[in-house]
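Residues per chain, in single letters:
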Amino acid sequence: MVVAFVIHTVCPIGALAPGESRVLYSRVFGPDEALFQGGQRLQLNAEERRLLSVEKLAVVARQVQSAVSLHREASGHPPVETLPGEEALALQDADTGVLRLRCGDPYLQEVSALWLAVNCLSFVILCEPHENLLLAEGTLRNLARHCLEHLHMLGQGSEILLKSSRVDVLLSRLLPHGQLVFLNHRFAQSLEKDMAAYMHK
Amino acid sequence: MYSNGTESLIKQAREIQESELQKFYSRLIKLLQGKEHGHETIDSLQRLRLIVFATKYTRTLPPELHKSLLSLLSSPVEQLQVLSSAVLRETLPLAAQAENYNQDGNSQLNTHAAAVLLAQAQSGDDLSALCTQLLRGLDNRPSEGPTTHLLPHTLPIVNSILTHSPESLTEDNVTLLSKKLVDWLRYASTTQGGGASSGGFFTGSRSRQPLPIAELDGTVSGDFFTVLCVGQGFTEDQWMNVYSFSMLRHWLLTFHSVPGGTIADTDDRSEMDGSVVSVVSVTSSSSRLLPPKERLREKAFQYCQRLVEQSDRKAQKKTDGDLQKACLVEAVCILDSVCVEDPSFVYRVFPCIKALFGRLSSDLSFARVLLPVAQFYLNHGEMAAVDCDCVWNLVLGRFPAELFNDPFLAHELLRFLRLNLENVQLRVPQYIRHFPNLLKFLAWDSPAVIDDFVDLLPSMVTSGTALELLHTLLDLPCLSATLLLQHRSMCLPISDPGGRNLASVNAFRNPSFRGLFLFLLRGEAGAGDTIDRLSTLLELLSEAADWPRVVQCAQTVPILLHIFFNAVVNVADRTLLGQVLLVTLERSSLLLNSPKYITEIHRVFSRQLINLCKLHPSLVIDQSHELLEFAGATSNVYNKQEVYTHVVLVLGEYLSVSYDSRCSTKLITSCFETLEAVLFEITSSAPHPGTGCPAPRAITTLMSALAKLASRSHDLIPRVSLLLSKLRNVSSGGSVSWCEDDEDLDSVLTLGEELCALLKMPGVAQSVLNPPAHVTAPRWHQDTNVAMPLQLRALTRLTQAHASHAQHTPTSPSPHTST
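In order, the protein sequence lines correspond to chains A and B. Each residue of the first sequence is one higher than the one before, starting from 1 at the first, in our numbering. Each residue of the second sequence is one higher than the one before, starting from 1 at the first, in our numbering.
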């Protein structure tokens, strides 16, 4: 199962310290980890649990950001500015990688963070380590493509914040409740038709 | 991409004033009370979502707004469902909200409402209730009315519950679902679904003759429906087929984890029942007679077998080709877990896996698919009495050598090794032999895989590989540079005028240096620890020393060295440790000149030198010749001062009869003379221009070492005193050429005076400068001499406390504590 899906920044932001990342969208799937896997050690109320969950996502975003910057530094390719309309090209040039996050750092169980970085944003799928990473990679690419297209992310707009329900719908089709689904192109087309009406509202 | 506009939106959402917020809430409540929900409602909801999401501190919504949002969850408009679900998940639930909601919409639970219930479940009971409700919905199927989208998502929700709280599913639920899964996986319709108009979830057969489903290469399908079958549209049970397969592996792992035939002592009764059932023999008799779990296993086997065969077809679209690979991985994993559960399957599954391996082993683009195959061989190869060498040679020999730059392969291969480490160490001799190959992953992308190597490296340290491994670790930045050169020399044309880094690429292509690079790129250990012309190689690679990838690699080496040394003391005997020590001395001058690399490695060497000698003081006597040679070279004071200082420290400390009886007076004297000569040389003349002054710590360490040696052989004392007084005289003039800082000079001279004074009393000097072990490691109450005063003191305190306590309390006599 996928634990969470996150979209966050990987470029330096003036308002934040270097190395800090702004989480623009996040969706945690399933019931709260702290309740069901903490062995009831932590007696937290709902508010504290949400705070913990958000902080964990922030930690993940920071880790991925440093992984992305190290990767880009090593490969010697600085992020290329692509214009709106060149989504396919942006996706082709995107950097991808996978990061292992140990038990406790920050989730109670070990997770693998698959990331895909386009310019200054990164899409991350956090999944359980025994998950089918080939499938997860394909799903991540698919999600990124749809997000780039439907939210016009290569431009200067803020649809990622203002139309985030589109990402919700996307996730409910392609990653329902965190389940990675084996979709061949026909199934995917069927889902896309289903979503198309929604996306153009 | 990320603009100032976005940043300011977030800021606004976070810093919205309370009054404005309350106004916004009331306006929204009014909007939601209306019958129609137009653009304004949607926009306001979206804004509410942003406000709630933007801050990590949870906002509490007014109860009325909360209730309106709850009712929106069952709205027919999906956008409203989505938005209300998103907001509700980020806010605190109202008390008893879950129960209220559950009782209301029974079979009208849609996927977004279910998401809220899942996210806000407080306990296993909540999840159980949700689960029961969903499964009830599975049975009472016909639901006229709006498309609810729930039925297909039942399985993902159940899977989510399974992940977090498997106990929430009762035995009945498990049986019911097992039966359903069998139906969907094996008996889904083989004709195409209705037209594309209705979005695919609910169809009925239209008047047209239904077409059969097709394979990915376009041919008509001849067998049951799987995820690799296509059609114009899909029926409901075909969708369920897809979702069933997507969760099949997890289902099998969770509920069938008891190996067939043995009753594991778990405290879960349902699992025990399951295991009793699986003792029933499961040969290929009619599968209808099998209990549900066994039947599911059989169907899973058939499904996976079909997938493997379907993956051989050439898909017309690239995304389908990728899906075929993912399906292969999943199928092999499922087959593996089926065989683990019920070993009688191995004989039926193995031919299929073997054929798959044969088909794919020559195609590197299927490398990631072959990893589950390797896992299968590791788990069941012995049972099937199959020779697995070809698998390991491919996975450990070829993959790292040619695919080191694939981050996903690296991650999965290293994970495979980590999880199966014990088994691999036992059954796969190629693992240790191919360590140079595995280190290529580290050389290429250190930050991503260093974590895995922290776990794997100790297993690679054996008495046979220790020395070669040490050399290889020290040369890791060189390997990194070489891999880059290999990569570049393939990309760059033979003659590239004006190209950067021409010199190193040329060197790489030069036949006379070929051997050097080939040594670094070797895949197997055992050819030799290192090469003679290492210094040449280092020179050739010097321009690569500041390439980012090389620098990143160099930064991880010190950590790895520490792990190496920690592991090597466990597996090596004194002889081998002596050789390790020699390697550190030798290599301290043979390192790639990467920024800070040499300093860091010297620091590691110094620390580990002390550790090694503390553990085995006799090492100093064993290697005294080489250590003295190192200590006698004055140039080492200047260009390897950290290591030098520690070598002198070690000599001073451990060259003594109390540590090893082989230590003769002659040895002490010769060591003394070596150190004396060096100290004299560095303090009597100015350093060469460009080398800088010797570190004050080196000088003080030399002085202390000389004093320690003299205290063990008293006829050396006059010589030390003479040397130290000469030092004092020379420096009495003020500044000296060999020390720039006045404070440092003061410390040096003070130490000199103290040592002189101490050595005037040889007996005292001997015990001060060579403290016996029991002084430096106090044993407190374990030491009979020290114990008595401690015991007396403790008794006194106890009795005094007791006496004063008895004074203050009335009558009741307290029992005496006896010691």
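One or more hints might be untrue.
[To be verified] Cβ pair distances, simulated, as ranges: (1) Leu518/B x Gly155/A: 49 to 59 Å; (2) Ala214/B x Pro18/A: 48 to 58 Å; (3) Glu55/A x Glu681/B: 29 to 39 Å; (4) Arg14/B x Gly19/A: 38 to 48 Å; (5) Pro12/A x Ser344/B: 51 to 61 Å; (6) Asn405/B x Ala17/A: 42 to 52 Å; (7) Gly155/A x Asp387/B: 18 to 28 Å.
Hints listed in this document are in silico derivations from the structure and should not be mistaken for laboratory results. Even glycine gets a Cβ: it sits at the ideal position worked out from N, Cα and C.
Is the hinted range of 42 to 52 Å satisfied by the C-beta distance from Asn405/B to Ala17/A?
32 Å, violated
Do the Cβ positions of Arg14/B and Gly19/A conform to the proposed distance bound of 38 to 48 Å?
At roughly 21 Å between Cβ atoms, Gly19/A and Arg14/B fall outside 38 to 48 Å, so the hint is violated.
Range hint compliance [Cβ, Pro12/A to Ser344/B, 51 to 61 Å]
Since Pro12/A and Ser344/B have Cβ atoms about 59 Å apart, the given range 51 to 61 Å holds.
Given the hint of 48 to 58 Å, is the C-beta distance from Ala214/B to Pro18/A inside that range or not?
For Ala214/B and Pro18/A the Cβ distance comes to about 54 Å; the hint holds.
Taking 49 to 59 Å as the hint, is the beta-carbon distance of Leu518/B and Gly155/A inside that range?
With a Cβ separation near 51 Å, Leu518/B and Gly155/A satisfy 49 to 59 Å, so the hint holds.
Kindly confirm whether 29 to 39 Å is satisfied by the beta carbon distance between Glu55/A and Glu681/B.
The hint (29 to 39 Å, Cβ to Cβ) is violated, given that Glu55/A and Glu681/B are roughly 60 Å apart.
Gly155/A paired with Asp387/B, Cβ distance criterion 18 to 28 Å:
Since Gly155/A and Asp387/B have Cβ atoms about 58 Å apart, the given range 18 to 28 Å is violated.
When held up to the earlier numbered hints, the structure conflicts with 3, 4, 6, 7 and fits the remainder.
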